[in-house]
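*Asks:* Make the full structure from the sequences, and use the hints.
Just so you know, the protein sequences line up as chains X and H, in that order. 52 is the number of the first residue of the first sequence in the numbering used here; add one for each residue after it. 2 is the number of the first residue of the second sequence in the numbering used here; add one for each residue after it.
Careful, some of the hints might be misleading.
What the hints assert, rightly or not - The following label-pair restraints were derived from C-beta to C-beta distances:
(1) 321(H) with 172(X): 17 to 23 Å
(2) 235(H) with 252(X): 37 to 43 Å
(3) 437(H) with 135(X): 38 to 44 Å
(4) 242(X) with 232(H): 54 to 60 Å
(5) 251(X) with 116(H): 31 to 37 Å
(6) 232(H) with 63(X): 57 to 63 Å
(7) 148(X) with 279(H): 30 to 36 Å
(8) 100(H) with 120(X): 49 to 55 Å
(9) 100(H) with 145(X): 39 to 45 Å
(10) 353(H) with 134(X): 49 to 55 Å
Stated by the list, open to error - Calculated from the model, a selection of chain H residues having no Cβ within reach of chain X, i.e. all distances over 10 Å:
(11) 17
(12) 41
(13) 163
(14) 177
(15) 232
What the hints contain is simulated information worked out from the structure, not anything from laboratory work. Ideal Cβ positions, reconstructed from N, Cα and C, are used throughout, including at glycine.
Take a look at the letters that make up each chain.
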Amino acid sequence: MRHLLSTADLSHQDALSILDTAEEMSAVSSREVKKLPTLRGRTVVNLFYEDSTRTRVSFEAAAKRLSADVVNFSAKGSSVSKGESLKDTVQTLEAMGADAVVIRHSASGAAAQLAASDWTEAAVVNAGDGTHEHPTQALLDALTLRRDWSAAHAAGSPRGTDLAGMKVLIVGDVLHSRVARSNIWLLRTLGAEVSLAAPATLLPQSVSSWPVTVHYSLDDALAEGPDAVMMLRVQAERMGGAFFPHAAEYTRRWGLTDERLEVVETLTLGDTGKPAVILHPGPMNRGVEISAAAADSDQSRITDQVAHGVSVRMAVLHLLLTGGHDA
Amino acid sequence: MPDSYLIAGARPYGEEPTDLLIADGVIAAVGEQARSRAAQLEGITQVDAAGQIALPGMVDLHTHLREPGREDAETVETGTRAAAKGGFTAVHAMANSFPAADSAGVVEQVRRLGQEAGWAEVHPVGAVTVGLEGKQLAELGAMASSEAQVRMFSDDGHCVADAQLMRRALEYVKSFGGFIAQHAQDPSLTSWGTSSAAQMNEGEVSAILGLPGWPSVAEEAIIARDVLLADYVGSRVHICHVSTKGSVEIIRWAKERGVSVTAEVTPHHLMLTDELVRSYDPVYKVNPPLRTEADVQALREGLADGTLDVIGTDHAPHPTQAKECEWQQAAMGMTGLETALSGVQHAMVETGLIGWRRFAEITSERPAAIGGHADQGRPLDAGEPAHLILVDADARRTVNPEEHATKGRNSPFRGIELPGRVTATFLGGHPTMLHGELASSRTGRTA
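*Replies:* Shown next, in the form of structure tokens:
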């Protein structure tokens, strides 16, 4: 694997390899000394054209736990704000000896363009590009789901197992969500069934060509008995106007409210009797797409997702920079 | 440079070989008479055109020459050199320059630059509205009565979206025989929130790539509206760069109804699909966007059956940095003058959809007639103005934008092998290109 740009590019074997490596990395994170020497002497550049403290810090922690040198580059206040192009910025970083570039960008495809260019020899990790993909978020979601799924089925370790048969419901603004796209492709690759629930205004016009079931009613979707409910953030800047009338109506129809939490509490992971789980990529709008009670419920895995983010990003950097496997 | 040429053995419209004599700016004779009369002339140059196809010089209704204001992207000089190299003897310069061509002064400036360059006739297109802003009619009458004698008006790059303004524009230009060329794009259907605009065709590919979509209905709704308006007020409308199957169907319906509508299609929309955008290479970013295979097939059929009238290149050169960046920040547009013949040959002739006679109609005769240029797009007969080209249809070439005369390097056909090559272009009897190389302009400029 040369770059990580998209979960659509990941084979079943690739995905399992990353998740299994992440399990090993997770063990490191629970040690007293949370550090491996694997990437000593290597340089990871966090190239962030878009504000995202949690993702940047997660990648930074991951790189540091692998003993890499980390350079954080934020477009805001940099030469980029003076008009420097992506090409020139990357070539500058290349000259400084970057081994991996973790790029976050508001433009869909920026990571792919960087990887396809001759501007850098570094491995490129897509840390979120516009409304395209956010592959490490999907991988950490999959790691989170796999733990519950395998534990419920009494597997000794989640390693080596996929999500075959799991039913995952993704709710909300799929149209603008890079998290949703990455999750759909990865979950399908791992054998899960994926359904979407959203108003038609927040679904791609050609969603019928996607390998998913579409619901225009969250209550109908919950009635199908999903094993996991993944809520998406309602992006404040898109509230109101043409996508939906106003936040309160959105919450009534599409929010994981206290009333719907009662429904979710009746759901189980398959027929195991173990409770279904709730995910959210954060940051949350409590009281809009998810109620406080749902976010803080026993079924919520939201804080686990954050912790798993570091493990997954360690795994990705490790595999990319040490040639851990071919893809 | 002598001004008499005996073109020996060329095949007019791809038919039987014959000789053509060019003298004093006209086709002086064709066939046996050409050779006998040539023998009587001194200083004549013989051009061996055995096996080559002779066609009327091509006429482009849709060229962006960028001057004034964006000379870093193109100038009238470089753009018309590209025209000559591509086999065009006349081009229409779109109005989205800086300042916009919305006044008599600017259109006369563009016309004068074209005359001074002398590589092709340059016919300025006037803006429909002041500053292309879609709010107030530009001085259409002044542009029409200027030395540029503008007849074609367009806000191309922008749609005249206001229906009342479009109606008034269609009515107003009737008084001097003008017409409106519409960039059909309902802006309210191609803007995504406050900060982003549509980036590519809306469909399966845009949904996966996470790029804001430009739905086909945004084009079709405006075309439907405008053909109804043109019918209602009894005026003439021309639809720029048609890109969807639905648009072809609406135009077909309008023509059957007797509406005075003409339409153009670009070579790139006849050849390329939105699948190419998966590369995120901004060279494929264009407005209207590349559509689907079904659209491409419908456009080809529409051009073959006459629903679509002409080829328009929408030649849109950009500086390298405008394309060497993130997709969403990249400029829209592709170069097209120097690959148009090859593209149409590939998409339409080699597929058997049209022959070279129809090729001459869609690239020369109809655009000249729509533009109102009586001496362009004429048949290759004795006594006609010598605007003609020679084409080696059997040649194949790998497109290398570095070899192009345009300043733009943003050709979507880079590295692609295409058929056909223009080997000579005669502008009023003067060879702007000869033996496959630019020669000199009518005003004596060399490349």
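*Asks:* Which hint numbers does the structure go against, in order from smallest to largest?
*Replies:* 5
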